[in-house]
Amino acid sequence: MELFLQQILTGIANGAIYACLALAVVMIYQAIDHFNFAQGEMAMFSTYICWSMISIGIPYWIAFLLTIVVSFTAGIAIERIIFKPIHNAPVLSHIIVFIGLLAIFNSLAGAIWDHTIKTFPSPFPDGSFQGLIGMHEIGMFFVTLILLAGIFCFFRYTRVGMAMQAAAANPDSAALVGIRVGWMLALGWGLAAAIGAVAGMMIAPVVFLDPNMMLGILLYGFAAAIVGGITSPGGAVAGGFLVGIIENLAGTYIPAIGSELKLTVALVLIVTVLLFKPNGLFGKTIVTRV
Amino acid sequence: MTTDVEVKSDPRLTLGARINFRWVAVFIVLGAVLPFVVEGYTSFQMTLVMIYAIAILGLNLLTGFNGQFSLGHSAFYAIGAYTAAVLVYHLDFPVYITIPIGGVVCFVAGFLFGLPALRLEGLYLALATFALAVAIPQILKSSHLEDLTGGVQGLDIFRPDIPAVLVDNFDLTMDQWWYIITFVIMLLLFWVAWNLINSRSGRAMMAIRDNPIAAQSMGINSSLYKSLTFGVSAFYTGIAGALSAIVIEFVAPDSFTFQLSILLFIGLVVGGTGSIWGALFGGLFILMVPNIAEEVSTGLSYAVFGVILILVIYVMPSGFAGLINILKVRLRRIF
Amino acid sequence: MNNGKKFTLALAAVAAMGMAAGSAVADKKYGPGVTDTSIKIGNTNPYSGPAAAYGTIGKSIKAYFDKVNKEGGINGRMIEFVTLDDGYSPPKTKEQTRKLVEQDKVLLIFQGLGTPTNSAVHNYMNKKKVPQLFVATGATKWGQPDEFPWTMGWQPSYQTEGKLFGAYVMENVKDPKIGILYQNDDYGKDYVVGLKEKLGDKAGDIIVAEESYEVTDPTINSQIIALKNSGANVFFNVSTPKFAAQAIKKVRELDWNPVFLNNSVSNSVGSVYKPAGLDKSKGIVSLQYYRDITDPETQKTEPYKKWKAWMDEYYPDGDLINTFNAYGYLVAQTMVQVLEQAGDNLTRENVMKEAANLNLELDMLLPGVTIETSATDFYPIEKMMPVEFNGEKMVPLGGVVSAN
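Here the protein sequences line up with chains A, B and C, keeping their order.
Remember, the working numbering sits 2 above the position in the first sequence when you count from 1.
Remember, the working numbering sits 7 above the position in the second sequence when you count from 1.
Remember, the working numbering sits 43 above the position in the third sequence when you count from 1.
In isolation and in its complexed conformation, chain A is listed as follows (with noise of 0.2 Å):
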C-alpha cells in the first residue's frame, strides 16, 4: 500500500511538472492556433538567465520575477520580429521556424552555459514530507493551482483575455470590432514565454539544470495538453496530472513493462483516450459550420 501511495505521490509531483509546461502549451495554442516546438527551450533559457542573475548575487525572488519580466518581453519581440513577416506563409512552414528557434536556443544554451548540471535553488523549504513527498514538489503543485487559476481568470473574465481568444478564433472579425489582433498575437507569445519561465524555474530544482532538461518534459507537457484538452487550461492541468500518475503506474504495476517500456505504455494510453474523446477529455468538441 505505502508503494501505491508514493507511486501515486511521486506521479503527482511529476505531473506538475508536466502540468505548468502544459499551461504555457495551451496559452501559446490559443492566442496562435498552434503548437509551439520551441516552448521548452525557451523555458530553459529562461531558467538560465534566473540562474546566471542569482549566481551574480541577486536574491532569489528579485531574480525570479525579473525573470517573468525579460520572458514576457522576450516572447513578445520574438513574435513581432520574426513571426510577423511569414504571417501569411503556410501552417507548416511557421513550424518550421518553431524548430528554428529550438535549435537556436538549445545551442546557444550550451554554448553560453556549458553542459555540467546546475543546481537551481527552490524558495520552498528543504526535505520531505513523512518521506513520501519533497516540500518542493508540494510547492510546486501549488503553484501550478495558482498559475492555473490566475490563467483561467483571464481568459474568463478580462477583456483583454477574450479579446485574445476571439483574435485566434476568427482574427478577421476580430478585427472588424477593433481588436488588434497582430498585437494580441504578441501578447499570447509574451504570456507563455512567462509561463514556460515559471515551469522552467519550479522544474529545475528537482531536474537539474541543463540545456536539454526540458527535452523529455516538452513531449509530455504536450501530451498531457492534448489528452486533457487543448482548449482548457483545467484540462491540461488534469492531464499533466494524469499523464504523470499513469505513466508511474504503469510502470511499476505491469511486469512485462516495467520501466523499459514506460513512455511507450504513456503514450498508448494517451492515443486509446484520444480515440475515445477526439479532442480530449476536457476540451470542447469544435463543431464546423459548413
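Calculated directly from the structure, the hints in this document are not laboratory data.
It cannot be assumed that every hint is accurate.
[What the hints assert, rightly or not] Below, simulated DSS-like cross-link-like pairs (lysine-lysine); rule was C-alpha separation at most 27 Å, straight line: (1) Lys323(C) <-> Lys343(C); (2) Lys317(C) <-> Lys120(A); (3) Lys120(A) <-> Lys351(C); (4) Lys120(A) <-> Lys83(C); (5) Lys171(C) <-> Lys83(C); (6) Lys343(C) <-> Lys120(A).
Chain A is fixed; fit chains B and C onto it per the hints.
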C-alpha cells in the same frame, strides 16, 4: 474549412503539374552519369540524398497531398530498415528482395495505423504519430525483442557482391552500383506518385485535404482514402528505410529517433509541400545543410542550422518548389 | 688501378649507395594523411543534439593537440585534428567517417564517441584497414584483436567495472540484495551484464530489482521508489551525472540507507555530489581510474596544477569541474605516445602495432593504474581503484584492483 495543411501557393503546384519531359530527361541523364564522374564518397552521399527524397515523398503524399499531419514517419523508416536487416541477418534473405518486402510490411503497418487515426485531426493526429515515433526506438531496444533486433547494439548487414558481369566490364564499385539501384527505384517511385496524384484517387486525396466535409458530401469515401494514403505513404518511407539499412550496412535504435521525424518534416516543407520533385531538394537540404552549418561553427552548428531554417522560410515560405513556381510565373510575365 | 680493383670499388660504391637508399627508404614510411611536417587525425563526436554534453571531449582533445603543436609537435610533425559532428546518429557517423577516410584521407580515426556510432563503422574500418583507435565507449567488443585487428578501446569496459562492483559486494556485504537503476542503452545494460557475470548463478537470488530509465525521462523518482520497496540493501546506480544526482537526493528523501554503489561515470564531486548535496553523498562507493578534478585533495597535487595550467591556456572556455576534460586530456596523451613510438614509420600498420605495444603511466591517472596493451590484449586500461566519498573527498578503499 480546411485542415491544418493549407498550401497557399500556385495551384499548379498542387496538381502535380504537367511534367516538362525535357527537364526530366536532362535530370535522368545527369543523374545516371554522376556516379561515374565523382568519387565514391560523393556517390554514397547522393545515394543517401535520394533515400531521404523517397522518404520525404512518402511523407508528402500523406501530409502535403492528403492533409494528414504526421510526426511519426521515422517509425516507418525504422520498420522498413529493421525488416530488411532482420531478414538478411537472421534468415539470410537475398538483400535485394528485402527492399520491396520492407515496403509492403510498412504499407500494412501504415494502413493499420491509419485506421484508428481516422478519428484524429490536426494536432491530435500529430500527437498520435509522435507517440508512434517515440515508441518504436523503445520497442526496438526492449529486452523482449533483443534477440531479434540486436537490441541497443544493432545489426550489421553485409551487401552481396556486385554481379561479376558488371565488375569485369565496367569496373563498377559498390557505391556506384547501389547509387544506380537507388536511382532507378527513386525514378520509379516518383513516376508512380505522379500518376497517383494526377488520377482520380489523387484528386480525391487532395479534395479531402482542402475541404473534408465537401469531399465527403461529394461521395468520396474519406475513411478508405485516408487509410490507404497512410499505407502508401508508409510504403514509400519503408522502402527508403530498407535501402538505408543496406547502404549504411547497419541498423540500431539510435538511428531512428524522433529527430529523424523532425528532419523528414523539415525536408518536406523546405522542398515544398505538395510538390513531388521538391522532395529531392528536401533530401539534399537535410543531408547537406547540417554539414554546412558545422563548417560555420562546430560548437554552435545546431544554432546555425536553426538560423538557416528561419532564413529559408523567409526567402521561400512555400518551399523550394514554391519558389521555382513563383519564378516561373514571373519569368513568363517578362518574356 | 687494375680492372679487378676498379670493379670491386665500383661494386662497393653501388652497394654503399644501395644501402643508403635502402635505409633512407626504411627511415620514413608514410601512410595516408602524413607528410614530413604533419599528421592528419580524424574524429567524430556529438557536438549537437541530446548527447552534445560529450562534445567537450572532442574540444579538450583538440586543445591538447594545440599544446603539443605549440611545443614542437611529434617528431617535428604537427597534428592536424579533423573532428566532425555526428549528432550521436549512426548513419551520420558512417557518412562523416567515410568522409574523413576517403575525402580527407586521414591516417586514422581517433576516439570516435559512442557505442552505436562506433558499431556503425566497425566493419568498415576493419575492411578498409584504418585504425579505429581508442574509441570513447566502454563496450567490451572493442578488444578483439583476432576478429577486429584495427579497433581498440581505451577506458575500462563497463562490464569490467560491473564485475569489480560484483566482487566488492561479494566481499563486503553480508546477505546482499541488490537493486539496480540503469540507463536503458548499451552503457547501462553492459554494467548489468558484468555484474551478473561476476555473481554467477547466485545472480538471480542476489539481484532483487532492476529498473531502467530513458535519457528523455524527466525524473527517476518512480524507479527509486520501486527499488526501495523491493527490499534491496544494496543500490547499484548506473546512471549519468544528472540522474545520479537525482537518485542520491531521492534515496535520502525516502530515508533509505542502502550500500550505495555508483558507476565511475558519475563519480564526481563537482558534477554529482555537490549538486545532490555533499552530506547526502556521504558513504557512496565507486571505482575510479583517473583523478577527480573536482576533489579538493586532487586540486592540491602537481598533476592537477599542470592540467589546470593547460586548461587555462588552451581551453579557457572549458569547464574546470567537468571530468570529461580530464578524460580528453588523458586520451590525447595516449595518442601522442603512440605516434611518438611510431617515429618516422607512420603507416597505419605500424601505428596499430605501436598502439598494441603500450606500457604507460600518465600523471592524471590514479597511481597504480596503467595503460598496457599487447598483440593479444586490446584493453588498455583494466585497473581501477575502489573509493568512498566521505562528504569532502574520495578516500581510497584498499589498492588498485584488476578485473583479471
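Now the hints, each set against the structure:
{"no.": "1", "hint": "Lys323(C) <-> Lys343(C)", "in the structure": "holds, 24 Å"}
{"no.": "2", "hint": "Lys317(C) <-> Lys120(A)", "in the structure": "holds, 10 Å"}
{"no.": "3", "hint": "Lys120(A) <-> Lys351(C)", "in the structure": "holds, 21 Å"}
{"no.": "4", "hint": "Lys120(A) <-> Lys83(C)", "in the structure": "violated, 37 Å"}
{"no.": "5", "hint": "Lys171(C) <-> Lys83(C)", "in the structure": "holds, 17 Å"}
{"no.": "6", "hint": "Lys343(C) <-> Lys120(A)", "in the structure": "holds, 24 Å"}
Violation of the numbered hints given earlier is confined to hint 4; every other hint is satisfied by the structure.
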